[in-house]
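In order, the protein sequences belong to chains A and B.
Quick note on numbering: the first sequence equals residues 1 to 599 in our numbering.
Quick note on numbering: the second sequence equals residues 1 to 335 in our numbering.
Don't take each hint at face value.
[Said to hold, decoys possible] Below, in silico cross-link-like pairs of lysine-lysine (DSS-like), each with a Cα-Cα straight-line distance of 27 Å or less:
1. A:Lys484 to A:Lys549
2. B:Lys313 to B:Lys242
3. A:Lys186 to A:Lys112
4. A:Lys371 to A:Lys386
5. A:Lys239 to B:Lys291
6. A:Lys495 to A:Lys484
7. A:Lys112 to B:Lys313
8. A:Lys135 to A:Lys115
9. A:Lys239 to B:Lys288
10. A:Lys76 to A:Lys239
11. B:Lys313 to A:Lys115
12. A:Lys190 to A:Lys112
[What the hints assert, rightly or not] A short, non-exhaustive set of chain A residues, derived as facing chain B with CB atoms under 8 Å:
13. Phe108
14. Lys112
15. Arg143
16. Ser175
17. Lys239
18. Gly240
Since the hints were made in silico from the structure, they are not lab data.
No residue lacks a Cβ here, since even glycine has one placed at the ideal position from N, Cα and C.
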Amino acid sequence: MIHEKEQCAGADKISDKSFERPGRGRLVRRTFIIALILLSSGLIAGGSVELYLQYRETAKSIWLLQTEMAQGAAFKIHQFVQQIETILLASTQTPDIISSGLTDAYEFQLLKLLKIIPAITTIVAVDEQGRERHKVSRIKMVRPEDLKDRSKDPAFVQALNDTTFFGPVYFVQNSEPYAHIAVPIKRFNKVIGALIAEVNLKHIWDVVSEIRAGRTGYAYVVSEDGELIAHPDISLVLKGRNLISLTQVQAALSGVRKPIEAQVSLTGEEVFPAYALIPDLGWAVLVERSTDEAYAPLYSSLLRTSMFLLIGLGMAGLASFLIGIRVVKPLEVLRQGASRIGSGELDHRIDIQTGDEIEGLATEFNLMTSKLRESYAINERISHLKRFFSPQLAEHIVSSGEEELTQSHRSEITVVFCDLRNFTAFSSVAEPEETMQVLHEYYEVVCSLIRQFEATIEHFAGDGLMAFFNDPMPCSDPEVRAVKMALLMQQEVGKLVIGWRKSGTELGFGIGISSGFATLGHIGSAEQFHYAAIGNVANLASRLCDQAKNGQILISESVFAKTLEAVEAESIGELSLKGFPNPVPAMQVTGEVQQNLKG
Amino acid sequence: MAIDDWSKIARLVALVAAMTVSLAATGQSGQDDKVYRIGFIAFGPRPVGTVITSPLEAFRQTLRERGYVEGENLILDERWADARLDRLPALAAELLQFNPDIIVASGASAVRAAMRETQEIPIVIAGAPDPVGEGLVQSLAQPGANVTGVSTLPGREVEGKRLQLLQQTIPGITHVGVILDSTSRLDPAQLESAASALGLTLLPSAETESPDEFRDTFEEMINSHAEAIYAPETPVNVRQRKLLVELALEHRLPAMYASREYVEAGGLMSYGPNFSELFGRAAIYTDKILKGANPGELPVEQPLHLEFVINQKTASQIGISIPTIIQMQADDIIE
Chain A
1 MIHEKEQCAG
11 ADKISDKSFE
21 RPGRGRLVRR
31 TFIIALILLS
41 SGLIAGGSVE
51 LYLQYRETAK
61 SIWLLQTEMA
71 QGAAFKIHQF
81 VQQIETILLA
91 STQTPDIISS
101 GLTDAYEFQL
111 LKLLKIIPAI
121 TTIVAVDEQG
131 RERHKVSRIK
141 MVRPEDLKDR
151 SKDPAFVQAL
161 NDTTFFGPVY
171 FVQNSEPYAH
181 IAVPIKRFNK
191 VIGALIAEVN
201 LKHIWDVVSE
211 IRAGRTGYAY
221 VVSEDGELIA
231 HPDISLVLKG
241 RNLISLTQVQ
251 AALSGVRKPI
261 EAQVSLTGEE
271 VFPAYALIPD
281 LGWAVLVERS
291 TDEAYAPLYS
301 SLLRTSMFLL
311 IGLGMAGLAS
321 FLIGIRVVKP
331 LEVLRQGASR
341 IGSGELDHRI
351 DIQTGDEIEG
361 LATEFNLMTS
371 KLRESYAINE
381 RISHLKRFFS
391 PQLAEHIVSS
401 GEEELTQSHR
411 SEITVVFCDL
421 RNFTAFSSVA
431 EPEETMQVLH
441 EYYEVVCSLI
451 RQFEATIEHF
461 AGDGLMAFFN
471 DPMPCSDPEV
481 RAVKMALLMQ
491 QEVGKLVIGW
501 RKSGTELGFG
511 IGISSGFATL
521 GHIGSAEQFH
531 YAAIGNVANL
541 ASRLCDQAKN
551 GQILISESVF
561 AKTLEAVEAE
571 SIGELSLKGF
581 PNPVPAMQVT
591 GEVQQNLKG
Chain B
1 MAIDDWSKIA
11 RLVALVAAMT
21 VSLAATGQSG
31 QDDKVYRIGF
41 IAFGPRPVGT
51 VITSPLEAFR
61 QTLRERGYVE
71 GENLILDERW
81 ADARLDRLPA
91 LAAELLQFNP
101 DIIVASGASA
111 VRAAMRETQE
121 IPIVIAGAPD
131 PVGEGLVQSL
141 AQPGANVTGV
151 STLPGREVEG
161 KRLQLLQQTI
171 PGITHVGVIL
181 DSTSRLDPAQ
191 LESAASALGL
201 TLLPSAETES
211 PDEFRDTFEE
221 MINSHAEAIY
231 APETPVNVRQ
241 RKLLVELALE
251 HRLPAMYASR
261 EYVEAGGLMS
271 YGPNFSELFG
281 RAAIYTDKIL
291 KGANPGELPV
301 EQPLHLEFVI
311 NQKTASQIGI
321 SIPTIIQMQA
331 DDIIE
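With these hints in hand, go ahead and build the complete structure from the sequences.
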């Protein structure tokens with residue numbers, strides 16, 4: 001990381017306006033996005049599955065928990081009713097009844113029942129025929145004429161069948177919920193009557209209001225018709241509400257056990273309901289908790305998973321960003337380096353130490369640059385040498401090292417000197433373009449012959465040119481080669497001279513050739529140098545050239561001696577030349593010896 | 001570039017943190033600093049001593065349990081009419097001056113006095129017999145207007161039940177004196193029919209008001225061979241509770257009263273509601289209505305329990321023994 005930063009800083013330092021290009025952020029973006037998609041799609045997929053499973057599991061466990069609460073409440077209410085039934089049944093087994101059946105003494109048992117069970121408002125003992133025999137009420141006096149015939153009462157009919165009767169719920173004054181419970185009165189296993197109790201269901205309130213379901217939960221009871229029988233808020237019961245329109249009440253009474261969605265409670269709040277049926281009675285207990293509380297574990301588990309998912313995504317984002325940076329920063333350094341190298345800064349080194357393929361690439365780049373630099377230097381030298389030597393020779397010299405060239409040495413060479421007659425006069429009156437045109441045509445011919453004969457060019461000076469043979473590349477018969485080249489030069493330049501003359505330019509061409517030892521080597525600085533041949537032989541060739549008339553090739557005695565067999569020449573006597581104390585013999589080449597001409 | 005991104009991320013993190021904190025802060029709701037004013041009006045006398053204090057104390061206790069603290073968020077103005085009907089209108093008007101949030105009225109006459117003063121301020125009945133019959137509410141399930149609360153009795157049939165209990169306590173009695181004055185809204189004919197069904201002859205008292213009139217009435221009862229006394233809940237009887245009990249004791253007359261207050265004062269027995277329980281229920285109505293419930297929508301509750309209280313000491317003083325079957329039925333026996 002720290003290393004990475006240094007790299008970045010380094011890259012920033014290098015970065016220069018001229019090396020920046022538009023769109024350099026695209027790769028970061030693309031790498032970032034690809035990495036982000038790869039990393040986060042896995043996370044999201046896993047997270048979503050986890051979220052879904054957790055949602056289902058938690059929702060189910062919430063429902064199970066609350067259903068258990070409802071079952072507990074149903075059990076308590078069933079117990080409440082069962083207790084009344086048990087006490088009623090117990091009160092039918094008195095010594096009086098066993099000994100003498102339903103007598104007046106039984107009224108004591110009825111009063112006792114009122115005392116024991118506060119929920120009973122009225123209790124009546126009915127004989128076999130269905131006549132009320134004894135009746136006591138908590139709230140009113142019972143007169144003999146108040147005793148009625150109950151033979152048609154379903155409570156009596158069922159009790160007579162030796163079965164406990166749990167009657168439907170009814171409301172006194174449209175407010176207080178009541179129900180009948182009837183049990184058989186038996187003597188020696190024979191039903192001799194029934195005990196019918198009028199139970200004020202408001203007393204279930206004691207049971208219901210004690211039922212706690214979490215912080216906001218409450219339980220309430222509905223009859224099989226959906227009438228509200230018990231609720232912690234007793235006012236709701238006393239209003240005589242029928243709740244059959246509530247979805248959860250319908251579901252509860254249907255007896256189907258399956259989770260239902262959050263519902264609106266009878267007080268208009270959003271609640272999560274669960275329910276249980278009360279056995280024997282057909283009533284249902286519903287336990288409702290506010291959705292906020294019921295779903296709290298769901299929310300917290302979803303929140304937890306989402307947090308992990310978010311953190312994961314954040315980390316994926318960061319990782320993607322870092323990957324982007326890590327890939328792209330060195331690439332940027334590489335690009336800028338390449339750009340510099342491209343602009344000619346061959347000394348530039350790309351510094352990347354990421355230890356990966358990109359570093360390898362940078363190393364290759366640096367290697368390539370140094371090779372490029374070397375080959376560039378070689379090319380420069382070769383192009384420089386080509387000024388003096390033929391291209392092949394120049395390349396040979398460079399590839400074989402240049403030590404021998406840079407060192408001065410003596411060597412026997414044949415010097416060819418040539419220039420145009422009358423050129424100085426011509427150039428002083430002619431247009432510069434015309435002068436340059438003439439020179440161009442002239443050198444084109446001369447230089448191509450020099451290249452052809454692999455001679456070394458010593459220097460140009462206006463219309464004059466000096467070349468020599470046998471150094472640095474030794475060759476056989478340098479004198480013959482020189483003369484043959486001179487002959488061809490005369491032939492070719494002669495054609496030019498004729499052309500120039502036709503256009504009104506009177507120029508001539510002369511050549512001087514001599515041979516002998518000269519000192520050869522570099523003259524000048526390392527960058528600007530000149531391969532020079534210094535010695536009498538050069539002077540002589542120059543002087544001979546000066547003496548040569550148009551179309552004439554003058555050669556020294558030494559050249560003549562070496563070319564006897566190849567060239568025909570005739571003496572033109574001794575010439576007195578500047579810089580030479582004695583007159584120098586000179587020959588004029590007249591042509592080649594035909595039979596010896598071999599190529 | 002990188003620094004720009006980091007600062008953006010940092011800002012985002014700060015924003016999320018700030019949102020979380022503000023969300024958490026909204027979770028704590030501000031405390032309700034309203035001060036509620038309750039006007040309490042009772043037909044009866046201001047209680048003296050600890051025993052009789054209990055119903056209003058039960059009312060206060062239930063309110064305390066529901067977060068009302070007197071002097072902090074609750075002002076309770078009490079007005080007692082000393083069982084004098086003529087005082088009620090002025091007391092009710094006085095209470096209204098305080099601009100109460102709610103009026104709690106004990107006794108049908110007190111409720112009516114409050115109803116005459118306001119049709120808007122909710123009135124909670126802290127015990128009145130037969131609210132529908134008295135015209136205090138339209139029905140038990142749907143009171144309809146600004147009045148609701150707790151009734152003292154499930155119905156007038158309880159009067160007959162009291163006579164029957166009296167008869168069962170002293171078997172063989174035929175003549176029962178009834179201490180009833182014109183302030184009562186009890187229908188004497190109804191009482192008469194219940195008595196005749198039991199084979200009892202009722203000896204209605206003359207109009208009783210002053211202590212002397214009470215004494216005269218008791219003399220008359222004795223002369224008419226009354227074997228027992230029934231004193232229904234009437235404004236005058238409430239006011240002269242102590243005297244009534246003393247006179248019954250003095251004349252060794254077994255007596256049946258409407259509530260345990262008489263028995264605690266030395267009366268023989270009572271069958272009726274427990275006022276402490278009843279006042280506790282009234283406090284729940286008060287709380288509901290202060291929290292926004294509509295009194296017209298709150299059904300009237302009937303008492304869950306009617307208690308049968310016997311004073312054993314008084315029984316021995318007047319030389320009677322309570323039959324086992326009666327003792328067995330008693331909810332409370334004061335020794």
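For each hint, the structure was consulted:
| no. | hint | result |
| --- | --- | --- |
| 1 | A:Lys484 to A:Lys549 | 18 Å, holds |
| 2 | B:Lys313 to B:Lys242 | 16 Å, holds |
| 3 | A:Lys186 to A:Lys112 | 19 Å, holds |
| 4 | A:Lys371 to A:Lys386 | 22 Å, holds |
| 5 | A:Lys239 to B:Lys291 | 19 Å, holds |
| 6 | A:Lys495 to A:Lys484 | 17 Å, holds |
| 7 | A:Lys112 to B:Lys313 | 24 Å, holds |
| 8 | A:Lys135 to A:Lys115 | 14 Å, holds |
| 9 | A:Lys239 to B:Lys288 | 15 Å, holds |
| 10 | A:Lys76 to A:Lys239 | 24 Å, holds |
| 11 | B:Lys313 to A:Lys115 | 22 Å, holds |
| 12 | A:Lys190 to A:Lys112 | 24 Å, holds |
| 13 | Phe108 | 6 Å, holds |
| 14 | Lys112 | 6 Å, holds |
| 15 | Arg143 | 4 Å, holds |
| 16 | Ser175 | 4 Å, holds |
| 17 | Lys239 | 5 Å, holds |
| 18 | Gly240 | 5 Å, holds |
Hint violations for this structure: none, all hints satisfied.
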